[in-house]
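J.: Listed below are the residues making up each chain.
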Amino acid sequence: MALKTEPFVLNLGPVHPSTHGVFRMRATLDGEVVVDIEPVFGYLHRGVEKLAEQRTYTGIIPLTDRLDYISAMNNNFAYCLAVEKLAGIKVPERAEYIRVIMAELQRIAAFLIAVGAFLNDCGAYFTPFLYMFREREKIVDLFEMVSGQRLTYNYMRVGGVSQDVPEEFWPALRKFVDEMPRFIDEYDRLLMQNEILLARAKGVGILTKEQAINASASGPVLRASGVKWDIRKADPYSIYDRFEFDIPTGTVGDCYDRYRVRVEEMRQSLRIIKQAMAQIPSGPVRAEVPHLIRPPVGEAYARIESPKGELGFYLVSDNSIAPYRCHIRPPSLINLTALRDMVRGWKVADLIIIFGSIDITVGEIDR
Amino acid sequence: MEIDSGRKYIYSDIELDRKEGQIIEELKASSQEVVIPDPDEWLEEEGLKQNIILTTVDWFINWGRRSSLWPAICFPACCAFELIAANGPRFDLARFGMEILRASPRQADLMITAGTLTWKMAPNVRRIYNQMAEPKWVIAMGACAISGGIFASASYAVVPGYNHIIPVDVYVPGCPPRPEALIYGIQMLQKKIAKRRNLDIGKLSRR
Amino acid sequence: MTVALSGKEIANQILEKFPDSIIESSEKDLVVKSESLLDVATFLKETPGLDFNYLNYITAVDYYDHFEVVYMLSSLEHNHSLVIKTRCYDRENPVLPSVVGLWQGADFQEREIYDLMGIRFEGHPNMKRIFLWEGFQGHPLRKDFM
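Residue numbers (my numbering), protein chains in the order written: chain A, 1 to 367; chain B, 1 to 207; chain C, 1 to 146.
The reader is advised that the hints may include incorrect statements.
[Said to hold, decoys possible] Keeping only pairs whose Cα atoms sit at most 30 Å apart, straight-line, the calculated BS3-like set for lysine-lysine is: (1) A/209 x C/85; (2) A/233 x C/45; (3) C/8 x A/90; (4) C/33 x A/85; (5) C/128 x B/28; (6) A/90 x C/85; (7) A/347 x C/128; (8) A/50 x C/85.
Keep in mind the hints are simulated off the structure, nothing from the lab. All of these numbers come straight from a predicted model, not from anything done at the bench.
Modelling step: build the complete structure from the supplied sequences, incorporating the hints.
T.: As structure tokens, then:
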């Protein structure tokens, strides 16, 4: 008597014990092998684009903080760049350097969480994650010195930053930059050749170069598949053309490559911060901008390289104090179009790891 | 691996979505204006003193319950990271007994709601609350959990506060509240639990 | 530096192959008729020298009498980009062709535009709401919602 089997649908519900947020997947399984997957979003849809049409240009900045809440400084940066492009405002030099230092520090903090959560999914339940949090607390202390907040800073303004950094920031930053490479090396030594990590992540969830480009992936997901595309080098914004840094790329495009790319980028961010600290001039930190900004009629799109990928803001203005349309290009949502191809043929346990290696934040997907 | 991905199952995708949408619409229609009152035992009368044996037993039961609160996972949004930081090495929640952060609501007695609640998520939160065993408590963390926060004007999608869906015991304001503020809120909840009367003969059936 | 190609030059190349497909062209963008959107997009993707193989974003704007859908394409090898727009004048039941066959990255973005603006895309394999629940009345990002 032959055994008849058929595929069934499993719901990996919105509440689940990983730290990625409210995200739901309907997986069609044949035994334990995944045949198809359908992601379901919308459990955190707060209507940010509609709210942005009712607030002034400066009043949207706190809303942008809450999009990708792990890397709030980068969201502020992208939005301020878009408004400055629309209205033709020039930012003073010191403000540019401060913005770059904040963005790179935030990139390190975001990658620490991304790598910690990935290892959490691999099975090292919470130990590396809490090690990452120990380092993240140092970065968050620096941010608190500057803006008063630990998670959603609301620090950058159109035309610069809201206030200058205090005196005790520079010695603390110097201390952090001197100590951090030792920590990344210790972390690498513990984990890079770990047998379990290699067995679970090497060769799993391969995304080829053509698939990645067709699915409009960006950020570490694209770079791990072998495409050397980083917006800081290809289309430099702000003052990134004055710094020297490398772009780490992977070869195969599996989960291990995505993890390595993130760890290497942390080192490159430290390089950028050191160069910025050496070159920073003195001067004003905010351009003379009216209280209620009224850009001329037109539209603008500005993009940055955020820890998740290409984050862009598309603004349409009709010469009033609020934008006519504000659209946010969410890197996490667009990186997820590649999930289906990556996951076919793997087992359920691998599904969790592949999904964790893309590194999403639900606040950005659902906006 | 050659598999015929013909999806054979009881309900089709679109029927599942429609059912979910129906549940959400009914919940929205019934809860949008109505607020569930807080279980406020602060204001109850000190009243009749029980006899000394029952009071001491009460004290022990309450001490046991408040010193080992186990939270259930419910973190939609940004406040989740302050909750995880509160569990982290710097502000250690494990020293208050909240060491286990289990995913299963059936093994939990405290629900810290950290994040904005949308109408699409609301039936799931209610289901998790119903799955927790008595006695259970809820802490509403953050401005979005208290009143909808910065997103309250987009009321087409955001529930204006968790107390439209589940009864809340302690409100912790902030956007997001610092881990120290969350610990203060938990200590207030512990004081509230210390005032419970568990073995009141007259009201044994009431919670 | 990514070179933003001028709409006028590309317009000349397109008008040779597909006459009468462009409404207007300027320095910054190129407005294409909705019937010939797929042809123009295939031409832009496959012509050597242009090679627009990466779709940056799709978005829609509600001007009161028409909807405008904006596409930004770029080429990773040549490092240039282009902005294309189409217009849709129907308010009750707007329909546009879908570009999912050319760039798979358009999948979730077109569903989002259907959910929030109401524009249907023909040829999309899974055209249903993505952020709001089935049974929600209306499309929130339209100017006459609420």
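J.: Next, verify each hint and record whether it holds.
T.: Now for the hints, and whether the structure bears them out:
For the hint pairing residue 209 of chain A with residue 85 of chain C, the CA-to-CA distance comes to about 28 Å; that is within 30 Å, so the pair holds. Note on residue 233 of chain A and residue 45 of chain C: the hinted pairing holds, with a Cα-Cα distance of about 24 Å set against a maximum of 30 Å. Taken as a hint, the residue 8 of chain C and residue 90 of chain A pair is honoured in the structure, with Cα atoms around 29 Å apart against an allowance of 30 Å. Using a Cα cut-off of 30 Å, the hinted pair residue 33 of chain C and residue 85 of chain A holds, with the two alpha carbons roughly 28 Å apart.
With a C-alpha separation of about 21 Å, the suggested pairing of residue 128 of chain C with residue 28 of chain B holds against the 30 Å cut-off. With a C-alpha separation of about 29 Å, the suggested pair residue 90 of chain A and residue 85 of chain C falls inside the 30 Å cut-off, and the hint holds. Proximity of residue 347 of chain A to residue 128 of chain C is assessed by CA-CA distance (about 28 Å); at most 30 Å being required, the pair is judged to hold. A hinted pair counts as satisfied when its Cα atoms are at most 30 Å apart, and residue 50 of chain A with residue 85 of chain C qualifies at roughly 22 Å.
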